[in-house]
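Asks: Given next are the chains, with one letter for each unit.
Number of protein chains: 2
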Amino acid sequence: MSQPFIVIIAGGKGERFWPQSRAAKPKHLLPVVGEKPLLAQTIDRVKALAPKKNIFVITSAVQEKAVRAACKALPPANIIAEPVGRDTAAAVGLAAAIVGARDPRGVLAVLPADHVIHDGKAYTADLKAAFAAAAADDVMVTIGITPTEPATGFGYIQRGEEWGRFARRPVYRVKRFVEKPKLEIAQGYLASGDYSWNAGMFVWSVPVVEKALAQHAPELDAALRPIRTALARKRPLAGVLKKVYPTLPKISVDYALLEKSTNVVMLPSSFDWDDVGAWPAVCKHFKSDVAGNVSRGLALVEQGSNNLVFSEGGHLVTVLGVDDLIVVHTPDATLVCPKSKSQDIKALLKRVEVLKGGSKWL
Amino acid sequence: MSQPFIVIIAGGKGERFWPQSRAAKPKHLLPVVGEKPLLAQTIDRVKALAPKKNIFVITSAVQEKAVRAACKALPPANIIAEPVGRDTAAAVGLAAAIVGARDPRGVLAVLPADHVIHDGKAYTADLKAAFAAAAADDVMVTIGITPTEPATGFGYIQRGEEWGRFARRPVYRVKRFVEKPKLEIAQGYLASGDYSWNAGMFVWSVPVVEKALAQHAPELDAALRPIRTALARKRPLAGVLKKVYPTLPKISVDYALLEKSTNVVMLPSSFDWDDVGAWPAVCKHFKSDVAGNVSRGLALVEQGSNNLVFSEGGHLVTVLGVDDLIVVHTPDATLVCPKSKSQDIKALLKRVEVLKGGSKWL
Numbered sequence: 294m295s296q297p298f299i300v301i302i303a304g305g306k307g308e309r310f311w312p313q314s315r316a317a318k319p320k321h322l323l324p325v326v327g328e329k330p331l332l333a334q335t336i337d338r339v340k341a342l343a344p345k346k347n348i349f350v351i352t353s354a355v356q357e358k359a360v361r362a363a364c365k366a367l368p369p370a371n372i373i374a375e376p377v378g379r380d381t382a383a384a385v386g387l388a389a390a391i392v393g394a395r396d397p398r399g400v401l402a403v404l405p406a407d408h409v410i411h412d413g414k415a416y417t418a419d420l421k422a423a424f425a426a427a428a429a430d431d432v433m434v435t436i437g438i439t440p441t442e443p444a445t446g447f448g449y450i451q452r453g454e455e456w457g458r459f460a461r462r463p464v465y466r467v468k469r470f471v472e473k474p475k476l477e478i479a480q481g482y483l484a485s486g487d488y489s490w491n492a493g494m495f496v497w498s499v500p501v502v503e504k505a506l507a508q509h510a511p512e513l514d515a516a517l518r519p520i521r522t523a524l525a526r527k528r529p530l531a532g533v534l535k536k537v538y539p540t541l542p543k544i545s546v547d548y549a550l551l552e553k554s555t556n557v558v559m560l561p562s563s564f565d566w567d568d569v570g571a572w573p574a575v576c577k578h579f580k581s582d583v584a585g586n587v588s589r590g591l592a593l594v595e596q597g598s599n600n601l602v603f604s605e606g607g608h609l610v611t612v613l614g615v616d617d618l619i620v621v622h623t624p625d626a627t628l629v630c631p632k633s634k635s636q637d638i639k640a641l642l643k644r645v646e647v648l649k650g651g652s653k654w655l
Numbered sequence: 294m295s296q297p298f299i300v301i302i303a304g305g306k307g308e309r310f311w312p313q314s315r316a317a318k319p320k321h322l323l324p325v326v327g328e329k330p331l332l333a334q335t336i337d338r339v340k341a342l343a344p345k346k347n348i349f350v351i352t353s354a355v356q357e358k359a360v361r362a363a364c365k366a367l368p369p370a371n372i373i374a375e376p377v378g379r380d381t382a383a384a385v386g387l388a389a390a391i392v393g394a395r396d397p398r399g400v401l402a403v404l405p406a407d408h409v410i411h412d413g414k415a416y417t418a419d420l421k422a423a424f425a426a427a428a429a430d431d432v433m434v435t436i437g438i439t440p441t442e443p444a445t446g447f448g449y450i451q452r453g454e455e456w457g458r459f460a461r462r463p464v465y466r467v468k469r470f471v472e473k474p475k476l477e478i479a480q481g482y483l484a485s486g487d488y489s490w491n492a493g494m495f496v497w498s499v500p501v502v503e504k505a506l507a508q509h510a511p512e513l514d515a516a517l518r519p520i521r522t523a524l525a526r527k528r529p530l531a532g533v534l535k536k537v538y539p540t541l542p543k544i545s546v547d548y549a550l551l552e553k554s555t556n557v558v559m560l561p562s563s564f565d566w567d568d569v570g571a572w573p574a575v576c577k578h579f580k581s582d583v584a585g586n587v588s589r590g591l592a593l594v595e596q597g598s599n600n601l602v603f604s605e606g607g608h609l610v611t612v613l614g615v616d617d618l619i620v621v622h623t624p625d626a627t628l629v630c631p632k633s634k635s636q637d638i639k640a641l642l643k644r645v646e647v648l649k650g651g652s653k654w655l
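Each protein sequence line maps, in turn, to chains A and B.
Using the working numbering, the first residue of the first sequence is number 294, and each one after it goes up by one.
Using the working numbering, the first residue of the second sequence is number 294, and each one after it goes up by one.
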């Protein structure tokens, strides 16, 4: 097998970690956990798998500048900005086209930029096994995250019989993908041991992606052709992307390709994983005080427990006599919100949007 | 009667409205309600009673600069800064000495700087009646605030028989002063109709104050002599205050004089009055939104009711999914606290004090 390729999808709207995250600075550009932005942490992890020239980041125009700043280790040409967001199927098609221009039989991993994974060793070992599987046959390999609780916020992948072993790791046929379940259903999934979380981590060869596009998403496949031509002729991408992207269908890769294919296999993960979906999920990655309060920057909690208090820029944030509250202060905006309501930040941001000059806070 | 004198006592620690209030900028220097600092509002009200040259403000050294800025309408010499705080008995002794140097038989009102009173007409009418009473006989006239609820945070004054009528207003003998009562006791006071709140508003002549000092607080009286001498010789006050003040006993005028005197009378107030003792008390003076939220500056509440959200300096403060919370943002510090816990700000500030460089926030 030739050297593998890594394509990191760095998108997102920057809503769930507002006011730290913004449209131009979403979660993957924040050190939500750790000292570096999550995107930089992701790049650090995959460096063990592929040379830098084989690592790509696909992001959006509005985030491009900040992404380039966070990816100084990579060749500048490996940062590709989508002029408009067209969901993951388009991004995967673009990824396969870019890799295909380098190596028509290349194998690439498509990975999210904004997950928290501490055990880099297990992560790269799993990915190596997935690369071996994807190189061995015309299959789509998904990394299924081994569930730790009956989560209702993720899609699940049900495995079937064992399909093969790679680096001593079992790889299973995929029976089906299922949407985010209700709690009782999720409890059944967890108990059965047959289900993994779908975290959007895929490993496959360029021909497998291209064949699937042609078969299941012919419209997208056709629309991507000018991009492949530009790449083959080594023309700069920006111009063709600007022309092609607005015409692409907006569809997820799960729906466009995975769910319609019969050659999907799944490798259950052995690494720790957290998508840290919203502010409350941050807490478990920080050391708390005796009362369970988590803080960053100049924060002080008196008579309160299990609060998250983050402050930037030397501003003193004090919380008195309250529990389970999120208080995040940035130089131009502050959020105060109970942990139980953090999923409603979107509704709040709709209100911010219509304030006079509201876009400056988004 | 010669022209009356007004002495406004502008002290306070600046704790209860932290972080807007600070040691050098306590409540009376804030526009807690209205557009001007409460001290400036107080001066505006008493201008109808006395010429500017007869209006004095006694404040503390740490607040002097800000007080002078808020009292530009008064002669600079009428702002007197106590080098150290020695409670209200010392301030009243100093007030009487200052007025006595101008008019040995002068009548002065001693008034707090930080109360909210909207009906200035009724206020000046009541004070005029009190001045008339104090000029008519050797009595200490207190303005008793007519209670509107069984408050447990104020001392009460029980009235006895009617002592006289001034400007058609009845003035009663005072039976006794009582400390802050428990709720059931306060309910009884309110029902009886015999009790008023003690708001620290006194009207009396210089000889009455001096006689009471000599009789009930001889130590304080003796210690004040060098101040009287300096005033008589028209020497600047600062030097003698610096020498004398640290030696003065720290005692309230209620305890030192009023409670020990038998010539105390009380005029029940006819004006609205609010001492606005802490953040929650601010709300009723502001227009709220339909959900009862009160805000000032760039504040936004989504899915929440009865919150107070104040922001300074163009910083956007957002509150999502919470009720009855106080959020006050200033350029260098923010407070988040349920209304029910605002009395514990003192405990919080003890924590701020021990932070590295903590004094800069106090």
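If you're looking for bench data, these hints aren't it; they were derived computationally from the structure.
Everything numeric in this text was worked out from a predicted model, so none of it was measured.
One thing to keep in mind: the hints can contain errors.
If several chains are the same, the list does not tell them apart, and a pair holds so long as it fits within one copy or across any two.
Okay, derived cross-link-like pairs now, EDC-like style, lysine to aspartate or glutamate, Cα gap no bigger than 20 angstroms in a straight line [to be verified]:
#: 1; residue 1: LYS421; residue 2: ASP637
#: 2; residue 1: LYS536; residue 2: ASP514
#: 3; residue 1: LYS414; residue 2: ASP337
#: 4; residue 1: LYS329; residue 2: ASP565
#: 5; residue 1: LYS358; residue 2: ASP616
#: 6; residue 1: LYS639; residue 2: GLU595
Asks: Which hints, by number, does the structure contradict?
Replies: 1 and 5
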